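K.L.:
Here is what each chain is made of, one letter per residue.
There are 2 protein chains.
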Amino acid sequence: MTNMLSLLVDIKDKYCVVVGGGKIAYRKVRMLLAEGASVTVISPEVCSEIEELSKNGEIKLVRRKGMEEDFAEAFLTVAATNDSQENRRISQQLKSISLVNDASSYEEGNCQLPASFKKGRLHLTVSTNGASPKLAKKIKEEWQHTYDDNYIAYIDFLFEVRTLIKKKSLSPEVSDAILGEILDDAYKESATLRHIYYEKLLNL
Amino acid sequence: MTNMLSLLVDIKDKYCVVVGGGKIAYRKVRMLLAEGASVTVISPEVCSEIEELSKNGEIKLVRRKGMEEDFAEAFLTVAATNDSQENRRISQQLKSISLVNDASSYEEGNCQLPASFKKGRLHLTVSTNGASPKLAKKIKEEWQHTYDDNYIAYIDFLFEVRTLIKKKSLSPEVSDAILGEILDDAYKESATLRHIYYEKLLNL
Chain A
1 MTNMLSLLVD
11 IKDKYCVVVG
21 GGKIAYRKVR
31 MLLAEGASVT
41 VISPEVCSEI
51 EELSKNGEIK
61 LVRRKGMEED
71 FAEAFLTVAA
81 TNDSQENRRI
91 SQQLKSISLV
101 NDASSYEEGN
111 CQLPASFKKG
121 RLHLTVSTNG
131 ASPKLAKKIK
141 EEWQHTYDDN
151 YIAYIDFLFE
161 VRTLIKKKSL
171 SPEVSDAILG
181 EILDDAYKES
191 ATLRHIYYEK
201 LLNL
Chain B
1001 MTNMLSLLVD
1011 IKDKYCVVVG
1021 GGKIAYRKVR
1031 MLLAEGASVT
1041 VISPEVCSEI
1051 EELSKNGEIK
1061 LVRRKGMEED
1071 FAEAFLTVAA
1081 TNDSQENRRI
1091 SQQLKSISLV
1101 NDASSYEEGN
1111 CQLPASFKKG
1121 RLHLTVSTNG
1131 ASPKLAKKIK
1141 EEWQHTYDDN
1151 YIAYIDFLFE
1161 VRTLIKKKSL
1171 SPEVSDAILG
1181 EILDDAYKES
1191 ATLRHIYYEK
1201 LLNL
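So the sequences go chain by chain: A and B.
Here the first sequence stands for residues 1 to 204, numbered as in the working numbering.
Here the second sequence stands for residues 1001 to 1204, numbered as in the working numbering.
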């Protein structure tokens, strides 16, 4: 719990294995597919949602128990069977050689998949280290209000100003002053002010 | 930017390499050390802060330019020289074989190190995908107020209740009802109510 580095990892087309076929396995599969991973599910039995993904060709499905060679090449393995001992066994086996998440214990394995909130350029995550997945979900819902469409447009403005500054090759001092100035709440609140500021900067 | 999976990764004692010796390199080194990584810095010249870390034996310092063999065994490499072309070269070389973060571009490399907020069991992260590191810092400061000491104690309460439920082996229906019930704001607000609830549960 104490030594966890947060990373955003590009997993597009990376080979990821989910062991287990229940609802929890399905949720993890969805998280991985959303980021473009190449997902293989290994389980003797699977829920209808996973069955459906397999039929649609969105995942590869292997109907048997997981075996050592299944994980050897995986970038990330999720141990999500309904048997916590089995999950633990997989985690222990893999934790020194590759990324492994134990769905039945936040302390086993060597990585966690925190709840993720994405809107425009903003990417927030929340983990309660095993305290309450329900609270994590609630916090995400609160963020939906706090970081509303206007806020996201404000972040786009910050990005555009930053890009423009780089293009204009302004001095570090001037750049830094501008990047500090636009953090003022006035720009967060008013799309008009943002527009005026950007136009002014264009003509600098 | 679109295909990033958020992970919390245990990097205790993992071999991590930071190429570059300036302030940005130093900031990354600190993030890695905070999570217990084994850090090697590679740079012909370094700032006084990195010099100090080396003197104290907290990092290994190699005073020359980075070479291919330096990164071959690394779990994570951070390319943070003051030459964005050099950073890009390192990122391109490593992105298919290991984790690599390009400090001069959020689009190169295959992972980002988002700003991290930790308090008790709560671990939040924020990335603006290159829009504004200053805003990310500001959001972290706001979280410091939103998730105050009482909130963190509330999360501890959620954890204790969840642990107790597991110990008592209650039915999934009863467990789920309890875990939903304690999300009520009343328990977030009152330490007394939390105490009463926990005592009642103990005697269930």
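Just so you know, not all the hints are guaranteed correct.
[Said to hold, decoys possible] In silico lysine-lysine, BS3-like type, Cα no more than 25 Å apart, as pairs:
(1) A:K137 to A:K119
(2) A:K140 to B:K1134
(3) A:K140 to A:K168
(4) B:K1188 to A:K134
These are calculated hints, taken from the structure and not from any lab test.
No experiment lies behind these values; they were computed from the predicted model shown.
K.L.:
All hints are to be evaluated individually against the structure, with a verdict given for each.
P.N.:
Okay, the hints, checked on the actual structure:
The suggested pairing of K137 (chain A) with K119 (chain A) holds, with an alpha-carbon distance near 15 Å, which does not exceed 25 Å. Distance check on the hinted pair: K140 (chain A) and K1134 (chain B) sit about 22 Å apart at the alpha-carbon level, within 25 Å; holds. For a cut-off of 25 Å, the pair hint linking K140 (chain A) to K168 (chain A) is broken: about 37 Å separates their Cα positions. For a cut-off of 25 Å, the pair hint linking K1188 (chain B) to K134 (chain A) stands: about 14 Å separates their Cα positions.
When each numbered hint is compared with the structure, a violation occurs for hint 3 only.
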